[in-house]
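Chains as they are written, first to last, in the working numbering: chain R, 1 to 301; chain V, 1001 to 1410; chain Y, 2001 to 2321.
Simulated from the structure, these hints should not be mistaken for laboratory data.
C-beta: ideal position from N, C-alpha, C; glycine also.
Some hints here could point you the wrong way.
Stated by the list, open to error - Partial list, computed: chain V residues near chain R (C-beta under 10 Å):
1) V1216
2) G1271
3) S1325
Spelled out, the chains give:
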Amino acid sequence: MEQLLQQVASGLANGAIYACLALALVMIYVSTDHINFAQGELSMFSAYLVWQVMQWGANFWVALPIVVLLSFLIGVLVERVILRPLHTAPVLSIVVVFIGLLAIFHSLAGAIWGHTIKDFPSPFPNIVFAGSGYIGPHQIGMILVTIVLLVALFSFFRFTPLGLAMRAAAQNPASARLAGIRVDWMLALGWGLAAAIGAVAGSLVAPAVYLEPNMMASILLYGFAGALVGGIASPGGAVAGGFIVGVLENLIAYFGNLLEKSTGVYVIGNGEKLTVALIIVITVLTLKPSGLFGHVTVKRV
Amino acid sequence: MTLLGRRTLLAGSGAIAFALTLAPASAQKKYDEGATDTEIKIGHTNPYSGNASAYGTIGKALDAYFKKVNDEGGINGRKINFISYDDGYSPPKTVEMVRKLVEEDKVLFVFQTLGTPPNTAIQKYLNAKKVPQLFVATGASKWGHYKDNPWTMGFQPDYVTESIIYAKHILANVKDPKIGVLMQNDDYGKDYYNGFKQGLGKDADKLIVSHVTYEVTDPTVDSQMIQLKNSGANVFFNITTPKFAAQAIKKAAEIGWKPAHYLNNVSASIGAVIKPAGFENAQDIITAYYIKDPTDPQFQNDKDMVEWKAFMQKYYPTGNLIDSSNAFAYAVSSLMHHVLKQCGDDLTRENVMRQAANVKNLQLPMVLDGIKVNTSPTDFYPLQSVRLARFKGEKWDLFGEILSNESSTQ
Amino acid sequence: MVTGLALLPLLGGKTGLISNYGFLQLSLMIVYAIAVLGLILLTGFNGQISLGHGAFFAVGAYTSAVLIDQASWPYWATLPVAAIVCFLVGYIFGMPALRLEGHYLALATFALAVAVPQFLKYRHFEWFTNGVQGINIFKPDPPFGMPLSADQWMYLIVLFVAVVMFWIARNLLDSRTGRAMMAIRDHSMAASTMGVNVAHYKTVVFGISALYTGVAGALHAIIFEFVAPDSFRFELSITILVGAVVGGIASLPGAVIGGIFVQVIEKYADALTKKLTAAVSLPIDLEPWTIYGIALILLMYIMPMGIAGGLAALWRKLRGS
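Throw the hints in and build the complete structure from the sequences for me.
Set out below in structure tokens:
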């Protein structure tokens, strides 16, 4: 029982990592209708920028806003310079551009900062509290920040005119244009905001997994799975999805071990937990294609 | 001397060793492809791109070393032409690049190719072609099987030897050991684990109470660490690469698990593992040591270290000084340097292999004092010894004798 | 033209113009072209996306290697088996994929690509996959004492298989089935109202697509005489996807262009990186992926429809003016 609780707690902590990245994926998806496969590397790059600014002597809480702003600009720039001329290109060509971006950011981070892991101090106070054996202060902080981000995003899309305009621009650019929305800039704004959220995600993930160029490579898959299982168009769903994937994965390994201990037969364990988690996610998606918390969209003919 | 077949090498190995001591280098100039009066071509592959590009620095440091050699006049008057390609740590790509090296660039031999799967993929080809595959950058135990693969030779103390040393230390020092193992689920992890079981002897399965694995795609090993703690283990054998090693050390402290902790040499770097994991979390960890860690304060004024730092500054200024891969590269290229010097003017593939198998009591720079390279026609394991060290304060405290495990040779 | 290509070994062997290594390169281009063709059939002609075709490539390679290693089959006999196994795997995978579209299918296939290398290491399969160690097999020598090197012989085999497979693909696309495939791609609902059994076609196309890529994998295993989980990491799926898109996603010649592209680009990226580093002194050491990424983006910039699409557009322009 003790171990089960610990595994759930550690799953939630990992889930927070996935949820952070899932939020950035949702941001881009909602505003541009694309899944940005380079999002993980962008976040990693931003995390390195935060680290660099901290190396120059700044406090985390000073470094973060600077880098969030910088990442916003990078995001806008990427959209305006690289993606804008490709607005009419087929989806797969955009995917290849994302792969290109992924390769560039990954290799630049390695070239600039090297490949040895860097310690990224947690911005949260290291206090001991009841239950801190289960879940560390950084993990709690990460979950809280994720929830704050989520609420902010949700309100932004739901209640602000800008948020509504962005959603409209992504879902139906032609009508949006007729309604007087500057669709081009909405897309750039979406990229900027996603990059900014990605910067926060990267800076939260780095203390938990150590900063290095591969940091986000595998997390992207989890974030992607989380976002889809929760519903890629809904920030709340994506965050919930991230947590679900994190906990699910640990539980699979836990019950796999339990099974092995009681029957002596190895069926699944740590080696297969990701695979099994993905099978479950995909099964859910085949049964409920818009995700657990997504809305069903009616197909237009 | 005529070309030696595999069988003659086997049967006559003793005789050759004898002949060699009498005439180490013939006065006559003899060349195979890749060597001339002015040049020796060396081939190399390394992951410069992709997820294993952390090791790319080894290739760059090797290149820097040979630049230094050339600046100093080359080896026996010949310049080194070091040709290095990106293999992305992909076995088929390594085969392709190695074939390019051998067939197009016509290198004399292949040196320091990295990783067990890539080296396994090229081994058969190189042995069939009789091109030396020297001092490969992996610690798997199979690189010293001179009977099956007379053209392949390892370099570093192999994983099996290292694990056996840990196992023996545990049996001698821990009362009633209950061992938990965390292992990367690949060939490297398996090699360590098998050696460890071998070292524990027939009770291995009883002594190991928990054996958990992780994949390199796992974001963290937190879940595994919880499993290990709950197994009730009082000894922890940590077979992980640097990032995961740091995570494991930190997590163990966080969840209050304090076993006797044995950390594989792969992750013994202070700068790249221990410091990020936190010195306070790493106290009393035991590891096996053979390369002088550039970030270990005890070597700051060491002669080798001063020399290495000057080399890095001059020939590889963009290189990372806390990355012990760069120290490793310096040591292994010094061995290559030594072997080529010993070849004299007989730069045939056969002689390169023969000289590689004829190194006696060589102390390499950046290798712990007293740990010497010894090879012979029946010993294809250049470095075979380590010293145990315990982490104290901010440095590794070496203790005990130089240890080796001779049983790993055939 | 095919005859010309088939005569190359004779020419290369006699004159030494093409080395054995050159034939290896050619064989690999063809192998990747077959793999890319598999993806093009699925994505370009049927509208289903896949980020995980490396998985089928791996299944084909392992099928071939295991049969050669465990059952001592001759290499040629393993190709049809690899084809059938991959067809079945693709078909079965295509069934849940039916319910998944766009991003969801992308995730499912992405997951497949990540899962397969782990699957190959699964403890209960180790007796035939040999786990992380991989399997060593032997490359075939040319039969009847033909005056060819092993590489030249392999090249002929690969070329023969490719010609057959491209020919079948072309006929398939020209047939009723092909038209149904494209109708589904262009408008699946309309196709369905017109009486096309969408589910049936989609799963069968998934199977065929996997078959193509799987045969490429089997050839790849025979060429390299070695398979290991590390040979089929996720990057392979990306490589196949990049080949398909850069070559031209809805074009058979695009598959050939894509195959050539993925075979040469990485080497050029590596070589160019070295040249750049030598020419300009930068404070950092450039890595090949930077050049690779820039190349991909530029290509998509200039030719969003892939190289085949770009060439076709250029041709139209030249003819039009």
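Hint check results:
no., hint, result
1, V1216, "holds, 8 Å"
2, G1271, "holds, 7 Å"
3, S1325, "holds, 9 Å"
The earlier numbered hints are all upheld by this structure, with none contradicted.
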